[in-house]
Amino acid sequence: MAVLLLGHLLWMALGRGGSSRWQHLANLLATPPRAASARWEGWKASRRERVTSLRDATTELLQLRAQVTGLLTAREAEAPRVAEADEAIRLLGLKRLMPLAFRAARVIVNVRKAPFGGMILDQGADAGLVPDQGVIAPEGVVGRLWDVGATQASLLPLDAYNASTGVMLARSRATGVLQGLGPGKAAIRYIGNQEVVQVGEPVFTSGLDRVFPRGLLVGYVSAVAPHDVELHVEVVLAAPLDRVGLVLILPAHPQMEIQPPAGPPVDAPGKQAGK
Amino acid sequence: MSNPSGAPRVRRFLLALLCLGGIHYAAPWPGPQAALNTFLVLGLAPGFTSPLAGMAWAAAGGWVLEGTLRLYPHLGGTAFANMLACLLAFSLVLRWPPHSLKPYWGRQAALVLIHTLLIHASVSFAAGPHAWGTGWLWSLVLIPAWATLALRLHPPLHRK
Numbered sequence: 011m012a013v014l015l016l017g018h019l020l021w022m023a024l025g026r027g028g029s030s031r032w033q034h035l036a037n038l039l040a041t042p043p044r045a046a047s048a049r050w051e052g053w054k055a056s057r058r059e060r061v062t063s064l065r066d067a068t069t070e071l072l073q074l075r076a077q078v079t080g081l082l083t084a085r086e087a088e089a090p091r092v093a094e095a096d097e098a099i100r101l102l103g104l105k106r107l108m109p110l111a112f113r114a115a116r117v118i119v120n121v122r123k124a125p126f127g128g129m130i131l132d133q134g135a136d137a138g139l140v141p142d143q144g145v146i147a148p149e150g151v152v153g154r155l156w157d158v159g160a161t162q163a164s165l166l167p168l169d170a171y172n173a174s175t176g177v178m179l180a181r182s183r184a185t186g187v188l189q190g191l192g193p194g195k196a197a198i199r200y201i202g203n204q205e206v207v208q209v210g211e212p213v214f215t216s217g218l219d220r221v222f223p224r225g226l227l228v229g230y231v232s233a234v235a236p237h238d239v240e241l242h243v244e245v246v247l248a249a250p251l252d253r254v255g256l257v258l259i260l261p262a263h264p265q266m267e268i269q270p271p272a273g274p275p276v277d278a279p280g281k282q283a284g285k
Numbered sequence: 159m160s161n162p163s164g165a166p167r168v169r170r171f172l173l174a175l176l177c178l179g180g181i182h183y184a185a186p187w188p189g190p191q192a193a194l195n196t197f198l199v200l201g202l203a204p205g206f207t208s209p210l211a212g213m214a215w216a217a218a219g220g221w222v223l224e225g226t227l228r229l230y231p232h233l234g235g236t237a238f239a240n241m242l243a244c245l246l247a248f249s250l251v252l253r254w255p256p257h258s259l260k261p262y263w264g265r266q267a268a269l270v271l272i273h274t275l276l277i278h279a280s281v282s283f284a285a286g287p288h289a290w291g292t293g294w295l296w297s298l299v300l301i302p303a304w305a306t307l308a309l310r311l312h313p314p315l316h317r318k
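Chains U and G, in that order, are what the protein sequence lines are.
Take any residue in the first sequence, note its place counting from 1, add 10, and you have its number in our numbering.
Take any residue in the second sequence, note its place counting from 1, add 158, and you have its number in our numbering.
These are calculated hints, taken from the structure and not from any lab test.
Small disclaimer: the values here were computed from a predicted structure and weren't measured.
It cannot be assumed that every hint is accurate.
[To be verified] Here chain U is said to cover these stretches of chain G; the calculated rule only asks that three of the stretch's residues, wherever they fall, bring their Cβ under 8 Å from a Cβ of chain U:
#	segment
1	203 to 217
2	230 to 242
[To be verified] Computed list of chain U residues with no C-beta within reach of chain G, every gap over 12 Å:
#	residue
3	12
4	24
5	40
6	209
7	219
The beta carbon of each residue, even a glycine, is placed where N, CA and C say it ideally should be.
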């Protein structure tokens, strides 16, 4: 009895100091029962998961197929909402970059490719919209408001034949007027023959039309050809007009130049030294 | 010639064995597990005729409990406290054999408290700081069940 008690006391006292050898020994002694227990648990798990009959397996397979179908259907049902949420996140990023009072709107009808077609927004005069307000998306400029109804507004996209937008080329800074040529394409007019324009060059808004501020991305030069006294510059639009769902409406007659938002505050050197 | 105390001894042995298994399988529920350990240490183990056998059972209960808890960096504290508590309970049973239920409950309640303090002292000594838990409360609340079982169904063998 005394040996039992003293042995335990000694064991406890050893545990307070460096007892790694004892623990190692204990672990070593516990290895066989641990292995046996693991084998036992493994056997139980395998017996639980083993398929005992074809009918059970078929039933389980049918259940799994039904579950997969349900999950796929749910994913398909949620896909538009997920896409719109992604677009809204990108719009929020754009909104933070530009210090302007934007108004967000949803494109509810897009019949841009139909004759006299266009895009209809779900905001109208009730939201304070007026014609000729610029409309942009995170990828680039979309167009301008053409007609404003009580609760809806029609949008004239950049590639419409009657659309005109003041633009400038990124490298030469030459300014011109962008006119629509059909789905996804437009051309810049009034660029002189002496200008050097490269294919792939970005095209920005010039701000001269007082619809868009200077420096918004419009598209990229896709072809350049001399045409009489001016250059014929074709442009591929940057904004995906076929699948744009959420847009930002610029305020009417914005400033020509937009100051970028201020960066994060920097601590004064004296303050840093005092830390 | 058959030993008249053989059958109760075997029953007690089997009950203690069941109790050990219960402690092992009640690991997901620490409260009932602690109550089972207390039942083994204070209810069953002091009933063996040999104090060494009782202490061995109590120690086994402590080792199984700590082994299933997997909480302490060094084991052995609970087993040591179990042995001391079992020895105390054994001497009390020898000196003042219980005759009625209510005083026995009171004695077991006091022993539960002492056992709890012993456990925490020895576990602190062996493994360092640890949480107290609510096992002692379970043991106290369940005294009417396990103490009655210990006294009525399996009275200590040395109590005539």
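We went through each hint and held it up to the structure:
1. Under a criterion of three residues with beta carbons nearer than 8 Å to beta carbons of chain U, the stated coverage of the segment 203 to 217 of chain G is upheld, 5 such residues being counted.
2. Restraint check on the segment 230 to 242 of chain G versus chain U: 9 residues with Cβ-Cβ distances below 8 Å, three needed, restraint holds.
3. Listed as a non-interface residue, residue 12 (chain U) fails to keep its Cβ farther than 12 Å from every Cβ of chain G; the least gap is roughly 10 Å.
4. The Cβ of residue 24 (chain U) sits about 8 Å from the closest Cβ of chain G, inside the 12 Å cut-off, so the non-interface label is violated.
5. With a least beta-carbon separation of about 9 Å from chain G, residue 40 (chain U) fails to lie farther than 12 Å from that chain, contradicting its non-interface assignment.
6. No beta-carbon of chain G is positioned within 12 Å of the beta-carbon of residue 209 (chain U); the least distance is around 70 Å.
7. At roughly 73 Å from the closest C-beta of chain G, the C-beta of residue 219 (chain U) stays outside 12 Å, upholding its exclusion from the interface.
Hints 3, 4 and 5, counting from the list given before, are not met by this structure.
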